[in-house]
Structure formats: structure tokens, C-alpha cells
Amino acid sequence: MGFHHVKKIPAITFFILSILSSLPAQAAVREYWIAAEKTPWNYAPSGKNLINPKDGLGVWGQSLIYTKYRYIGYTDGSYTTLLPQPEWMGILGPQLRAVVGDTLKIHFLNKTDQPLSMHPHGVMYDKDNEGADSGKGASVLPGKSYTYTWVVDKDAGPGPNDPSSIVWLYHSHVMSEDEMNLGLIGTIVVTREGKERSTSNPIPQDIDQEFTALFMIFNEENDEESGLKHAINGRIFGNLTGYETSIGERVRWHLVALGNEVDNHTIHWHGQTVLDHGRRTDVIEILPASMTSVDMIPRSSGDWLFHCHVNDHMMAGMSTRWQVQNKK
Amino acid sequence: MGFHHVKKIPAITFFILSILSSLPAQAAVREYWIAAEKTPWNYAPSGKNLINPKDGLGVWGQSLIYTKYRYIGYTDGSYTTLLPQPEWMGILGPQLRAVVGDTLKIHFLNKTDQPLSMHPHGVMYDKDNEGADSGKGASVLPGKSYTYTWVVDKDAGPGPNDPSSIVWLYHSHVMSEDEMNLGLIGTIVVTREGKERSTSNPIPQDIDQEFTALFMIFNEENDEESGLKHAINGRIFGNLTGYETSIGERVRWHLVALGNEVDNHTIHWHGQTVLDHGRRTDVIEILPASMTSVDMIPRSSGDWLFHCHVNDHMMAGMSTRWQVQNKK
Amino acid sequence: MGFHHVKKIPAITFFILSILSSLPAQAAVREYWIAAEKTPWNYAPSGKNLINPKDGLGVWGQSLIYTKYRYIGYTDGSYTTLLPQPEWMGILGPQLRAVVGDTLKIHFLNKTDQPLSMHPHGVMYDKDNEGADSGKGASVLPGKSYTYTWVVDKDAGPGPNDPSSIVWLYHSHVMSEDEMNLGLIGTIVVTREGKERSTSNPIPQDIDQEFTALFMIFNEENDEESGLKHAINGRIFGNLTGYETSIGERVRWHLVALGNEVDNHTIHWHGQTVLDHGRRTDVIEILPASMTSVDMIPRSSGDWLFHCHVNDHMMAGMSTRWQVQNKK
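Residue numbers (this note's numbering), protein chains in the order written: chain L, 1 to 328; chain U, 1 to 328; chain G, 1 to 328.
Be aware that a few hints might be false.
Any copy, or any two copies together, can satisfy a pair, since identical chains are not distinguished.
[What the hints assert, rightly or not] Calculated lysine-lysine pairs in the DSS-like style (CA-CA distance at most 27 Å, straight line):
id	residue 1	residue 2
1	Lys127	Lys144
2	Lys327	Lys127
3	Lys327	Lys136
4	Lys38	Lys68
5	Lys105	Lys48
6	Lys327	Lys195
If you are wondering where the hints come from, they were derived from the structure by calculation, not from laboratory data. Here the structure is a predicted model, which is why all the values come from computation and not from measurement.
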């Protein structure tokens, strides 16, 4: 939590003073340094089908490594020390965090060879901070940087029926469809005011653990089946690892999707159910750009499947495992 | 609001007296005169891609004008004076309004060359007033008229977790799939009893403004891509205009879809989020015949995008703009 | 209700004693005997399009009878007397029932020629009782039997915003996609503790009638259109019969789907609306493995349509009727 910079706001001149003035004193400015970088990406680093080893990787294993563009987090403006992120985040960019009332200041450096941007869902911005369409931040040229200011107002926070934190997507939005497919995707988690552990640690007090999962079919070869990577956080056939928890933990799952007409996914956990806005289920329906957060407390130990329940997607490797240990 | 006829009900002989007898005294009979008409329709009247002018209209611009069949509202039974409707309604038929307890009396005149009907969602009817399947109103021949009586009972009104008004679709249902594609689509908005501004004005007191959006891919050329018009209220590439509001207004969005397997849409606003049954989001998932109503209070001025977040749909022009002015 | 065996639990040695110990005294062990069997299945036993007789069955009528694999319920371990089930259940396996706190003991006999299993959603199990992936119950060989023990804990029951009972799917999960398509599908209904009529009758007190509907396109001929049976409980073009109720009855609909990318269905009733978690609608959106339960009290008598609102699905026969009689 100490990896992004947090500043208390003593007095601030800002484009929406009227909103900020009603916020509690501890409102913070949270700074992130994020670079867009070209990097090789392996959809299945083990080279294996870890779900059903005998079946192999099928046509989807013909080629596993592709050049992707990713959002990479750094600890400061020297862009030298990586923001650590857990293995299960896969291809996702850094998970930005804020409490309602905070401001996010995102220093974006485009280290790639094409114009890119960062467009956030949920948070408040003016046209120059939209990271899309028009305005100064809509297109950041190769080698250039831009600082986005996003206000985390009440309308960016959990609604009355939401849990204590909710998830938003951010993604590049110059040629939006292409850039999401390139891998320029991340998430923002916003905690309800007063529910954060502390000003420096915005994770809610009422959860012990958080996982994020992006269900998206990357299209690597112009619609050829072998290039349709049915991925969870950019990994296929069980190659996403690290969803590890224990019985009794209060676990929040942030679920998102992006993509195309075929990206209608039904996220299913074996071994435990979730509470989805007061509804009990073990299958969550998502479509491109869906964002939802659901809760569970694991009750049965095991090495459980976690997969999309759409037949063709299952067969194409859109599955991995989550592990539940006995009580710590 | 004075454009449809409202009659107080003093005493009424009706097919469901038992229900009406329990309604408050101010229950109204609301009359509408609606004709089905053949009319040319232009999916992009400007002839331009108003979202990304440089990109043009692509294959979808090869042909823009088609003959559609539409529901056209008139002020009375002479069918001469048009019911005015805002530009943003596009291809939609008149938005019918009622308060729980009211009765809708719809005088339908088929001015086209094929049998048509009006089938409503939500409201109460008997077989002759279903506008579908069998019964007297199931098929109204060319040149003929039929009066539908629809009872707006409690089960047609908002549920306990709904906002103060909800939206229902109506559409022709002789050869239902064909006729929806022809453009024979409209909406009914039902206000919770006691939440209306007055008997003559059923709009809820707790909102300042209302918009309706139909996300639907019209199929004009037997599945040829150039004829697949990825439209919002029948307009593509920013050609739907008039979604104009101001900071601080209480705005309700009535969202509907119709169509086929590809009509899974994810409606996204730039610039502001919505409350969807207590859930905070800026993306609403809809499938064919989905109907949902969500609320927002605009917080940031700008000329914002409003689009489907499915990649292919965005690229095919399923987007437009909504404008937020500074406070009035 | 007397067809499955119910045992009171006096003292039980079980893999999760800690959970059971907190359950009320009347917790029951409910036993079912279910065989998987190969059997011919007719998608339209009448041989007719009962919705629009003049239109016929189209390409989908070229072949109506296929060999399916089904879950068949028996009254005891002799597997001789069938568990009765209503006509409207169609191809579905027996509807298992439990109250939160109960344990389900499922004696599964594989009478077919290939390895199969029973994998449940929602309920609590250890790896040997998952009926999937690995563990003793993951693959039951032809001629063999296996007894699954599923614990119906609080996380298998209705959430705070759910009605008094909710539905879960169960299905075979050796080669999951193939076996669901073969017809190996059933449902479990779990009633909130204290809401059951009695220990021997777990149906909730607050409803009078229950229907279950599976919307799924069976794929009988390797994606050939004629073999894509757009079915409700395995019947097409109105051939599912028995959804019969009366005005004023409290009716719960358990809605489920399974299948593929095209199995995004929008379930629509003519004649009445439903309450879906406090939301009023007459269209429920489901994707593969969606499971949801909604309530209605019929208000208008008639022989009403019940269908998927996706155009191609309607045309392919994904519709039937439900009948509302006048008050009993």
C-alpha cells in the first residue's frame, strides 16, 4: 500500500471546488506513475493445459507468445522501480485505489510507438482528463507523458446496494477497440468513505482479501480460431495462478470483461457461492465493459475450478483454479 | 403533456371492474391516437460520421435511407396534427405515459400495406387487447383501425426496488421479428401512484428530465454488413441529437433493446455514472427486449460520448453524444 | 413430496461437523436415487407447430427424435419405480429439494455407455462429492454407481434479496459441454430455513405453485441449423405443455439456461409481469448457467405465450404457452 504516493489535501485549487469542499478532511491525492510498454506476453507460460493435461492446448497452443502493449506501474517519476503486483493480476495494469473524496493523479508515460491514452470509468473528469474523444489527454504521443486528474466523487463510489468497494475499468481510448485488444487495460477500486482501513490504506476494513478477474477473448490473428485467446487476466488453460485463500476469509471478487459480441461470459466458481447485491449465486453474467464486485467466504478447502460456463469458452481454455486452504 | 387526452373516470363499465374499484379517485383514462405509416428513414441525416469525422461512415454509409414503418402519434382521431416529440426520440413511436391505476386507450390506425398490431409489455390486457397471437387486436388490416384498452395495474408499475417510473416496450406482433425490424417500436412509461406531478402530468415529481434510448441493430440488407445499422433510436455515428441536460438536473434514462443474437449491448456514458437499482455503474447491460430505468445527476459539463461498449458495435457507429451544460 | 426419502438427523458424523452443529434440530438428510439413461427424445411430440400451426416446423422439423441421455429419478435403490414428474419438466432430471441445513444424499447409477457424473451448483461439497474435475465422484463408469453427499449450508440458500427459495443447476461434468448437450441436466431448489411447509415438504409456505424453465439450444447435428433445437425444457414450437395456473395463485418461476455463445435468452411472458429481486419486468435476461427465481401472481386469464424474445430464437420455435384459468 505504500507504493503509490498519498498526499493530504490542505487547501486545493481545483476545477470542482464545490464538490471537494464538502469532503472530509482526510481526502487524499493519490499519485500513480504508469507507463505504456511493448512487451512479449505468454498466454500459457507453462506451455501446458493445466486443467486437463491430457487434452493439451489444442489449436490455441499453436502460438502462445505475442507482442502486447501493457500498462506498467512504477513507484515514482523515474519509471525505474516496478510497482509490485501479484501473479494473479496477469496482463492487467496496476490496480488503482481510492476512497470517495480522494483525487487520483495519474502520470502516464507512453513508451510505445503509437498514440495512446488512459480513459477511466466511473471517476469524475473534465474533457482534458477524459483520456478519450477530444481534449488534451485524448491522445498521448509516443515518448510523451501526460498527467490525468480524476476526482473520486460520491458518484464514483459504491451505490447504496453495492459492497464497501467497487471496481471500474480503465483502458486506452485513441483507437479504443484495438488498444483494449493490445492489452491496455487496468482497474480502479473505490472504497466507500469511512470504510477504508486508513488514509494510507484504502482497502476496506470489512474484507480480508481481494481478487480481480478480467474475462476477455483476445484476438491475435484476425479472427482465426488459433488466435482467439479465451483468457482470464490474459492467461488460458489454468495458467493464471495465485488465486489463493483460506476457509473463513472475507474475499471480494472484482469482475470485469471487455471485448466483442462473443464476450458474453458467465463466471463460475466451483466450491463456493457468492453474494451478488443480495442475490446468492455461483455464476455471474458479464458482457463487454461489465464491472461488478461480489463477496464470498470460502467454506470448503480444495483446488477448485474457476471458469466461464459458456461451452465454447470452456473448451477454448477460459478457466483456471482458485485454492482454498484450511483455516490459517 | 396536454397532447394526449385524459379523462377522469366517474363510473366505468370495464372488463376488470374488481381491480379498478380499488384504485384512487383520480385514476385516468389516457387516450392516444397512433397510426402506423410507411416513411423514409435516414440513419444519418447529416451524411457524416459526427463522432470521428475523419473515419467516415464506412460500409454503413453506402446507403442511408430506407423505407421504414413507424408508429406516428396524433393529437386526435382526425389523425392530422402530429404529437410533437423531441429530436432524440428518433425512430421511436410516441412515448405513452400513465400512472398506476390509469387505463390506456390506444386508437390504432393502420395506414400501411400490411397487417400490423400494437403489443404492449407490462400492462394488463385480455386476449382481444394483447395485440398478438390471437384475439381481435392481433392483426389490424391495412386501412383498418382498432382501439386497445390496457389497464395500468400495480403489476405494470415500478417494483419496490425500481425508481418512481419504469419503461415498457410496445411493438407490432403479427410477424413480430419482421415488424420490429421495420421500426414499429415505442415505449410506455409508468409512474408509481402518488409520484406523478398531477393527474394531467404523469411525469414523476422526483425527476427533472427523461431520456429514452433503444439500442438495436436494424437489418436492412439480409445480413449484409453494410445494411446492419447499429443504431441508437435509429441513428448511427452521432446522428442522434438532443440528449441535452445540465449539471445538477435529476435525469432518468429509460433503456431498451430489441433484435437478435448480436443485440447484446453495453450502454456506456462518458462523463457520469448512473444508479441502477442501488448499484453504481456507467455501463448497463441489455439484451433483446430488456427494459430498465436508471438515474443520474450530471456532475461535469461537456460534450460526452454515449455508446455501446461492444467493440464491433462501436466501430459500426452505435454511438452518439449527450451534452451537459453548466448549471442553468 | 413423499417421493424422496427424508431422515431426521439425530447425530451425524460428517466432514463438516462445525457447520451442521449450528443447524436447527429438524435438519434432514434427503435421499434421491437417480439413474443416467439413454432414451429417445422427441422435441415436438405433436409433430406440429402448436404456436403458429400454418408456419409448420420449418427446417427444425426435418428430424424430431434423437437419442438423449437423461437423469431419471426413482423412488428407491431398486431403480424400478419412477419418481413422478409433471409434463412441463420436459427433459429435465428430477427437481431436488432441500431446506437450508439439510443434507442431500444422491445415489447415482450410470446406466449408460459412457462415464458420467453429477456436478451440483450452489451446495457445499468436498472434492470427492464435486462430481467434476478430480475426486472419486468426478467420473462414474458405465454400470457403476456413486453416492454424492451435498451439504445445503447457508451459502447454498437464498441471499437477503432473494425470494424464499432459489434454484441451482446440476449437470454431468466429465466432458461437461458434451454431456449438457446430451440432456444431463436437472435443478435443485433450496428453501430458506423456516420457510418450508414442513420437514417432509420443503416447498415454501409463501408460494402456491412452482415452474422451472430451461432455455437452451441443443445442438444435434454439428451446428446444422436443422439440428439446432431452440428448446424450453427440451421442447420446441409449443410442445411443452402443463404450465397451468389460475388467477391469484402465488407462482414462482425458476429460470435457468445452459449452452453456448448463442444461448443468451430473454424470457418473456405475455399476460403478466414478474418481480425480479424487487424489479418489475416481463423479460428476464439469462446466459449459459444463469439461475434465477422470480415471482408472479397471475391477473388475467388466457392462453398466453411464453418465449425467448431474441428474434432468431422465436422463429426457431423457442416458445410455448402458459395457461391462466379464472380463480379456482
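Classify it for me, Lys327 with Lys127: is the Cα-Cα distance of at most 27 Å met within a copy, between copies, both or neither?
Result: close only across copies, 17 Å inter versus 49 Å intra.
Copy assignment of Lys327 with Lys136, given that the CA separation must stay at most 27 Å:
For Lys327 and Lys136, the Cα distance is within 27 Å only across copies (24 Å; inside one copy 51 Å).
Check Lys105 against Lys48 for me: Cα-Cα at most 27 Å, and say if that holds within a copy, between copies, both or neither.
neither (40 Å within a copy, 36 Å between copies)
Go through the copies and call it for Lys127 and Lys144: within, between, both or neither, with a Cα cutoff of 27 Å.
Classified as within: same-chain Cα gap 19 Å, cross-chain 53 Å, threshold 27 Å.
With 27 Å as the alpha-carbon cut-off, assign the pair Lys327 and Lys195 to within, between, both or neither.
Within one copy only: 25 Å inside a chain, 32 Å across chains, cut-off 27 Å.
Checking an output row: Lys38 and Lys68, CA cutoff 27 Å. Within, between, both or neither?
within (6 Å within a copy, 48 Å between copies)
In this structure, the one hint that does not hold is number 5.
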